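Undergrad: Quick mapping for you: the protein sequence lines, in order, are chains S and C. Going by our numbering, the first residue of the first sequence is number 1, and it counts up by one from there. Going by our numbering, the first residue of the second sequence is number 1001, and it counts up by one from there.
Some hints could be false.
[Unchecked claim] Cross-link-like lysine-lysine pairs, in silico, DSSO-like; alpha carbons within 30 Å at most: (1) C:LYS1212 - C:LYS1147; (2) S:LYS215 - C:LYS1212; (3) C:LYS1147 - C:LYS1082; (4) S:LYS215 - S:LYS147; (5) C:LYS1072 - S:LYS66; (6) C:LYS1066 - C:LYS1030; (7) S:LYS147 - S:LYS66; (8) S:LYS147 - C:LYS1030; (9) S:LYS147 - S:LYS72; (10) S:LYS212 - C:LYS1212; (11) S:LYS66 - S:LYS30; (12) S:LYS66 - C:LYS1082; (13) S:LYS147 - C:LYS1082; (14) S:LYS212 - C:LYS1072; (15) C:LYS1072 - C:LYS1147; (16) C:LYS1147 - C:LYS1215; (17) C:LYS1030 - S:LYS215; (18) C:LYS1072 - C:LYS1082; (19) S:LYS212 - C:LYS1066; (20) C:LYS1082 - S:LYS212; (21) C:LYS1147 - C:LYS1066; (22) C:LYS1066 - C:LYS1082.
[Claimed, not checked] Here are some chain S residues pointing at chain C (derived, C-beta under 10 Å): (23) GLY73; (24) TYR76; (25) LEU77; (26) GLU183.
[Unchecked claim] Ranges between beta-carbon positions, derived for each pair: (27) C:LYS1147 - S:PRO96: 36 to 42 Å; (28) C:LEU1077 - S:SER53: 30 to 36 Å; (29) S:ASN112 - C:ARG1067: 35 to 41 Å; (30) C:ARG1091 - S:ASP209: 18 to 24 Å; (31) C:ASN1112 - S:ARG174: 25 to 31 Å; (32) C:SER1036 - S:PRO96: 51 to 57 Å; (33) C:ARG1144 - S:PRO96: 26 to 32 Å; (34) S:ARG165 - C:ARG1060: 51 to 57 Å; (35) C:THR1100 - S:ASP209: 27 to 33 Å.
If you're looking for bench data, these hints aren't it; they were derived computationally from the structure. No experiment lies behind these values; they were computed from the predicted model shown. For every residue, glycine included, the Cβ atom is placed at its ideal position computed from N, Cα and C.
Number of protein chains: 2
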Amino acid sequence: MTTAHPRSARKTPRRRRGATHRPGPKPLSKAREARSAARREAILSAALDEFSSRGFEAARLDDVAKRAGVAKGTIYLYFRDKESLFQELIRAMLTPLVGTIEALGAADVPINALAEQLVELFVREVYETRRKDVIRLMISEGRRFPKLAEFYYREVLSRIIGTMRVILRRAAARGEVSQGLAEFPQIIAAPGLVAIIWSGLFERFESLDVRKMMKAHIELLFASRRAP
Amino acid sequence: MTTAHPRSARKTPRRRRGATHRPGPKPLSKAREARSAARREAILSAALDEFSSRGFEAARLDDVAKRAGVAKGTIYLYFRDKESLFQELIRAMLTPLVGTIEALGAADVPINALAEQLVELFVREVYETRRKDVIRLMISEGRRFPKLAEFYYREVLSRIIGTMRVILRRAAARGEVSQGLAEFPQIIAAPGLVAIIWSGLFERFESLDVRKMMKAHIELLFASRRAP
DNA sequence: ACATAATGACTGACCAGTCAGTCAGTATGT
DNA sequence: ACATACTGACTGACTGGTCAGTCATTATGT
């Protein structure tokens, strides 16, 4: 019989500190906690670099440790195992996006201005940051982490899509966009995703101006309602 | 443990392949060649399954062999190594697409009919076949195989994009679509790609009707020129 | 002094790739 | 027709290197 996971002889679940509650009468010193948080960050950052360039399976925890300026064992003080490190990484980077997007939907501005903001937000907060790599990782490896895919769908995607639907329906009611769009909000995001994939695979052969492409796309989509 | 001599202990009598009766009076080398080709196919097919479900690194050649009904050593008679197997797989599956797409560009039909054909082609020849998995693999793993990415760009993508540009410019000259589209043919394909990614990650939470989405998208794009 | 954090050498699973051995099918000799 | 030798496609046990995860030991902070 084969083992469930290759290369993992995990038996004893390890208790982590950090995220778990700290109710006791033992207040850790501020400096200590700050240092601890900094280490955690360093490990996550190093992990992102390694996972991004080699992929989840091929990335070596030894390298993550070296890059983070930490011994390998230290990683296990902060994360249960390799998989857990990977999942935490993606969670930590993508969770903040939701609030930002939802905030956009709250304001009731004309669709043109909103679209402009959306493109800016994507380029500035995703495409030009390491979040681009996180999304690439999600795309590449997500399939092998069903729990992560579920988290991402539930906590991030479905909420963004929901927000988009609200926005698009409102705009459709005003005649600013066609009804069809509200049914497939994915269409709005599609060029952004394509740009992320393109940049990873083909940038060196032919570069792609994301901002320009997204603007062109949105203009095409909205043009359908400009001549009532 | 029966290890009398190193590398010798043969125990199980070999069972030859099942249905290999030579019915005809022609035991020509034709049969051999056909058998050889069939084996190659079996290995490629098994490899696609394994690579698709576990990813390149995690896929075991032992499993590929088992699935193909072949011993591991046999794989090495047909392919140099694991990486080579992977690359051949992608090449073999995607190369035929180019001709089909280029043929579409040759005929000078109205853009509406052409768009319809394009969607049908994508759904029938990619989305509903194993080519979908191959493209998913290309997206997921391509970054770690620069040679493969280059091949794909040079032999597949750039030609498809070139064809699309010709088509779109022609349509733009007739006023059927806006100029902007010809600059970013990627936009046309974007929903298709998104659908492939979506199906792998989130299908189980929310299904997505590719055909409908692509048609909606194209309709939105073309609508911009319907009211001058 | 004590608790907690950090270290890194070590272990055992794991797997790509190898190669000595096997045998169905073919060719040659009588 | 029959026997004997030859061929090479195929096999799978084995090796060597890799790496996730462990834990006895050492360092650091209060």
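Undergrad: For every hint, state whether the structure bears it out.
TA: A quick look at each hint next to the structure:
no., hint, result
1, C:LYS1212 - C:LYS1147, "violated (35 Å)"
2, S:LYS215 - C:LYS1212, "holds (24 Å)"
3, C:LYS1147 - C:LYS1082, "holds (15 Å)"
4, S:LYS215 - S:LYS147, "violated (34 Å)"
5, C:LYS1072 - S:LYS66, "violated (36 Å)"
6, C:LYS1066 - C:LYS1030, "holds (26 Å)"
7, S:LYS147 - S:LYS66, "holds (28 Å)"
8, S:LYS147 - C:LYS1030, "violated (50 Å)"
9, S:LYS147 - S:LYS72, "holds (26 Å)"
10, S:LYS212 - C:LYS1212, "holds (26 Å)"
11, S:LYS66 - S:LYS30, "holds (26 Å)"
12, S:LYS66 - C:LYS1082, "holds (29 Å)"
13, S:LYS147 - C:LYS1082, "holds (29 Å)"
14, S:LYS212 - C:LYS1072, "violated (50 Å)"
15, C:LYS1072 - C:LYS1147, "holds (26 Å)"
16, C:LYS1147 - C:LYS1215, "violated (34 Å)"
17, C:LYS1030 - S:LYS215, "violated (58 Å)"
18, C:LYS1072 - C:LYS1082, "holds (11 Å)"
19, S:LYS212 - C:LYS1066, "violated (49 Å)"
20, C:LYS1082 - S:LYS212, "violated (40 Å)"
21, C:LYS1147 - C:LYS1066, "holds (29 Å)"
22, C:LYS1066 - C:LYS1082, "holds (15 Å)"
23, GLY73, "violated (24 Å)"
24, TYR76, "violated (22 Å)"
25, LEU77, "violated (26 Å)"
26, GLU183, "holds (7 Å)"
27, C:LYS1147 - S:PRO96: 36 to 42 Å, "holds (37 Å)"
28, C:LEU1077 - S:SER53: 30 to 36 Å, "holds (33 Å)"
29, S:ASN112 - C:ARG1067: 35 to 41 Å, "violated (54 Å)"
30, C:ARG1091 - S:ASP209: 18 to 24 Å, "violated (30 Å)"
31, C:ASN1112 - S:ARG174: 25 to 31 Å, "holds (28 Å)"
32, C:SER1036 - S:PRO96: 51 to 57 Å, "holds (56 Å)"
33, C:ARG1144 - S:PRO96: 26 to 32 Å, "holds (28 Å)"
34, S:ARG165 - C:ARG1060: 51 to 57 Å, "violated (43 Å)"
35, C:THR1100 - S:ASP209: 27 to 33 Å, "holds (29 Å)"
Taken one by one, the earlier hints fail for this structure at numbers 1, 4, 5, 8, 14, 16, 17, 19, 20, 23, 24, 25, 29, 30 and 34, listed in ascending order.
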